[in-house]
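Participant: Sequence:
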Amino acid sequence: MKKQKEKQKNKKSVCGAIFCKENLVRDIVITAMSIGLMALLITNHKKLSYKLIQPEAGKITEQAVMEENEAENPTIDTTDWKTYQTQWYGFELKYPDNWKKPVLKSATKGAKWEYRYEFRKSEINDANHYIGFDVVVYNVNKIKELSGTDEFPTVKNEELKEQGACQTIEGHLAENEDYPAEQIYIPSDDDCYNPAYFYTLTSDDYMYNIVPILSGEEEKTIQSEKEIIQNIPEFISAASTFNLIDIKRPKASIEPVVRAPMPYVYDVDSLGRKVCNHKHDHPHKSDKKDHKKGHMDMECCLDPDEVPNPNCYYDPDVYGKYL
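Here the sequence shown is numbered in the working numbering, starting from 4 and rising by one per residue.
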């Protein structure tokens with residue numbers, strides 16, 4: 004009996020140090036099941052993550068745009084830049100002080116836009132085909148939405164469009180906390196649209212598109228934001244300063260219409276004014292019986308009982324007390 008108790012005691016001590024045979028099988032099964040469960044969870048997580056980050060046909064995520072650009076916004080000091088402001092269309096922005104004075108163009112017949120402001124470099128480098136940027140103003144009531152502007156990207160894949168995958172440019176709009184305007188960027192490998200790059204901002208009445216401009220000899224196709232930053236960083240810095248201001252327009256002045264009859268006797272002075280043809284005229288009441296009091300002067304020689312003719316000029320030194 005004593006030996007049997009010692010044997011059981013020794014067995015318990017050994018089992019405390021290593022796996023007992025009975026426990027070993029159980030632990031192996033539990034470990035295998037745990038490993039299998041973890042593997043299953045990892046696999047499902049990868050599949051779920053893949054589905055979440057994959058954009059639909061014709062769309063691209065903001066993260067994908069950032070990865071393709073591989074460029075940071077330029078840091079240009081705009082303190083000494085000139086400020087252009089128009090109260091007629093209600094916006095202001097800064098542009099380099101060594102650039103040309105902006106050129107203003109009104110729309111031609113049939114154009115979608117209403118007004119265009121052209122900002123151009125003073126010197127053009129043959130190796131750099133970007134010559135400046137435009138601010139294109141559209142009337143919201145006319146175009147309704149961004150897709151009605153000339154800068155809106157054209158469709159590349161008509162088949163995808165027919166399938167309904169290219170109805171919007173969702174995923175191509177990027178907001179920057181430091182910029183009032185939104186960035187519109189269509190990369191070159193987009194499924195639906197041709198490349199495009201510009202900024203846009205909308206007020207109650209107008210939509211403003213700020214777009215980089217290539218030289219006239221070049222095909223006007225923007226390839227990437229990286230290209231813009233390398234060739235015309237001033238464009239992005241100018242877009243960052245774009246702000247809306249209150250629209251103030253002067254009231255139209257209406258000049259009075261002169262309906263009085265022209266005098267039939269008068270002289271013309273050196274300034275082209277119609278004056279009395281008597282150098283030493285002495286105003287006096289008319290002695291003509293057919294002249295009623297208050298009749299209009301027809302000779303630019305005003306008498307006390309006549310009404311001044313607005314087509315005549317009366318010398319204040321002579322006619323002042325009758326005017």
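In short, the hints are calculated from the structure, not lab data. We treat Cβ as the ideally placed atom computed from N, Cα and C, and that holds for glycine. Among these hints, one or two may not hold up.
Across the chosen pairs, the derived CB separations fall in these ranges [what the hints assert, rightly or not]: (1) N280 / D207: 56 to 64 Å; (2) K254 / K103: 27 to 35 Å; (3) G113 / E165: 25 to 33 Å.
Quick list of in silico lysine to any residue cross-link-like pairs, SDA-like style, CA-CA up to 20 Å [said to hold, decoys possible]: (4) K159 / S218; (5) K124 / S218; (6) K108 / G219.
Participant: Now look at each hint and say whether the structure bears it out.
Facilitator: We went through each hint and held it up to the structure:
At roughly 60 Å, the beta carbons of N280 and D207 sit within the given window of 56 to 64 Å. In this structure the hint that K254 and K103 lie 27 to 35 Å apart at CB holds, the actual value being about 32 Å. At roughly 28 Å, the beta-carbon separation of G113 and E165 lies within the given 25 to 33 Å, and the hint holds. For the proposed pair K159 and S218, the alpha carbon gap of about 24 Å is over 20 Å, so the pair is violated.
The hinted pair formed by K124 and S218 meets the criterion: a straight-line CA distance of about 11 Å does not exceed 20 Å. Our distance criterion of 20 Å between C-alpha atoms is met by K108 and G219, whose separation comes to about 17 Å.
In this structure, only the earlier hint numbered 4 is contradicted, and the remaining ones agree with it.
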